[in-house]
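> Residue numbers (our numbering), protein chains in the order written: chain E, 1 to 256; chain Z, 1 to 175.
Rather than coming from a laboratory, the hints here were simulated on the basis of the structure. All values reported here derive from a predicted model rather than from experimental measurement. Keep in mind that the hints are not guaranteed to be accurate.
Quick list of in silico lysine-lysine cross-link-like pairs, DSS-like style, CA-CA up to 25 Å [as the list claims (entries may be wrong)]:
hint, chain 1, residue 1, chain 2, residue 2
1, Z, 97, Z, 152
2, Z, 152, E, 53
3, Z, 97, E, 53
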Amino acid sequence: MTNRPITEDDLHAYVDGALEPERESEVAAHLQDHPDVARRVSAFSVQRDLLRKALAPIADEPLPPQLNLSEMIETRRRRPSPIWWTVAALLMLSIGGLGGWVMRGNLQGSPGGLAALAQEAAYSYSVYAPDRVRPVEMRASDSAQLVQWVSNRLKQPVTLPDLTGSGYRLMGGRLIATSHGPAAMFMYDDDRGSRLVVLTRPMISEQNAPMAPHSGGDVSGFAWADGGMGYSLVGQAAAESLRPIANEMRRQARSI
Amino acid sequence: MNDMLRLIEPVIPALRRYARALVRNRATADDLVQDCLERAVSHWGQRREGDPRPWLFTILHNLALSQFRRSARRGKHIAIDEASEDDFKQDAVQEQKLMYQDVLDKLARLPDDQRAVLLLVAVEDLSYADAARVLDIPIGTVMSRLSRAREKLQQEIEGTVDGAPKNVVQLRRMK
Numbered sequence: 001m002t003n004r005p006i007t008e009d010d011l012h013a014y015v016d017g018a019l020e021p022e023r024e025s026e027v028a029a030h031l032q033d034h035p036d037v038a039r040r041v042s043a044f045s046v047q048r049d050l051l052r053k054a055l056a057p058i059a060d061e062p063l064p065p066q067l068n069l070s071e072m073i074e075t076r077r078r079r080p081s082p083i084w085w086t087v088a089a090l091l092m093l094s095i096g097g098l099g100g101w102v103m104r105g106n107l108q109g110s111p112g113g114l115a116a117l118a119q120e121a122a123y124s125y126s127v128y129a130p131d132r133v134r135p136v137e138m139r140a141s142d143s144a145q146l147v148q149w150v151s152n153r154l155k156q157p158v159t160l161p162d163l164t165g166s167g168y169r170l171m172g173g174r175l176i177a178t179s180h181g182p183a184a185m186f187m188y189d190d191d192r193g194s195r196l197v198v199l200t201r202p203m204i205s206e207q208n209a210p211m212a213p214h215s216g217g218d219v220s221g222f223a224w225a226d227g228g229m230g231y232s233l234v235g236q237a238a239a240e241s242l243r244p245i246a247n248e249m250r251r252q253a254r255s256i
Numbered sequence: 001m002n003d004m005l006r007l008i009e010p011v012i013p014a015l016r017r018y019a020r021a022l023v024r025n026r027a028t029a030d031d032l033v034q035d036c037l038e039r040a041v042s043h044w045g046q047r048r049e050g051d052p053r054p055w056l057f058t059i060l061h062n063l064a065l066s067q068f069r070r071s072a073r074r075g076k077h078i079a080i081d082e083a084s085e086d087d088f089k090q091d092a093v094q095e096q097k098l099m100y101q102d103v104l105d106k107l108a109r110l111p112d113d114q115r116a117v118l119l120l121v122a123v124e125d126l127s128y129a130d131a132a133r134v135l136d137i138p139i140g141t142v143m144s145r146l147s148r149a150r151e152k153l154q155q156e157i158e159g160t161v162d163g164a165p166k167n168v169v170q171l172r173r174m175k
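With these hints in hand, go ahead and build the complete structure from the sequences.
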């Protein structure tokens with residue numbers, strides 16, 4: 001026994017089970033000698049129990065969909081929804097024959113990284129750039145809506161690169177499926193009709209990666225990632241002639 | 001990332017309970033919890049090591065405070081009689097339901113600051129020190145608010161407060 005006087009705080013801590021065992025027995029002894037205090041403390045305990053029981057059902061309710069934490073974390077990681085994996089897997093199966101893609105440098109990286117992005121850009125180029133009828137789904141005249149659309153679908157603000165300084169005009173763009181979720185594709189052409197494709201999407205891995213050249217088939221280009229967004233620029237021009245354009249694109253995206 | 005899920009997810013039911021007991025409106029409470037979780041996910045790196053519960057309750061409490069301020073500014077009252085039948089377990093007997101409803105009504109009549117302390121300590125099992133952190137007040141203030149909350153709630157329960165609520169009568173009639 002410490003013979004310290006019992007305080008009001010002790011009584012509450014007794015009710016809340018927050019006392020050290022020794023102090024708890026001191027308070028218990030005090031309560032035995034003071035029935036009035038004991039009644040109050042017991043009333044507080046009943047009250048506490050009642051509150052807990054009255055509120056317990058709320059914690060037992062199934063969580064509403066809006067409180068799905070995994071989903072919030074996924075969104076935060078900018079990972080595409082599972083449906084895209086299915087769509088993209090089908091797409092990859094159908095175009096698997098294209099193959100033959102080679103990354104120069106040390107880009108044979110992680111799944112979903114720069115190497116994958118570069119390949120996706122090249123696939124997009126080979127499918128859409130030769131199309132003379134409808135290479136893009138939304139034309140440059142609707143570029144504001146195009147940006148709005150792809151930003152919504154990528155759940156990221158997407159900025160439209162302006163390549164007029166390099167002699168390339170925006171033709172338009174579309175949303176494309178990749179095995180790592182939706183990506184925005186923009187297409188440009190110059191006075192001689194040669195086309196460039198820019199592909200951008202949120203990165204699951206390699207969220208920040210320096211610019212690296214890549215080539216395969218008859219296209220080549222550059223890929224990089226900045227602050228979670230990946231970019232790949234591809235065209236049929238010689239890789240080195242694309243480098244200043246890629247640099248300019250990166251500068252523009254960073255300056256937003 | 002897995003840490004985040006593993007540490008936050010088990011706390012969500014308690015966060016909902018605290019929010020609901022504070023604002024007494026299911027939709028408003030769940031919106032607050034959603035905001036809280038989104039902030040927790042985006043500020044995960046800023047928490048202290050150890051038990052994330054006090055940190056999560058702090059975020060939630062601050063959101064609830066701004067919610068109170070917003071509705072006060074708009075002069076709009078949050079419905080305090082939201083608690084509906086389905087807030088309780090189906091198998092709970094009627095008398096018990098009434099008793100629970102009654103204590104929640106009385107809890108709702110406590111001043112917000114006293115109610116918050118009582119809920120954090122007596123229902124959510126936060127230590128006095130953690131409750132002080134969540135509410136950003138000294139621990140002595142936690143103790144005095146806790147004491148006042150319990151006394152006032154007890155007076156309500158014993159029906160010694162002027163204009164004693166009809167629920168007391170109702171409850172007694174049940175017996």
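> Against this structure, judge whether each hint is valid.
Right, here's what the structure says about each hint:
1. Z:97 / Z:152: This hinted pair holds, its Cα atoms lying about 22 Å apart.
2. Z:152 / E:53: holds, 19 Å
3. Z:97 / E:53: Holds, at about 10 Å.
Violated hints for the displayed structure: none, as all numbered hints are satisfied.
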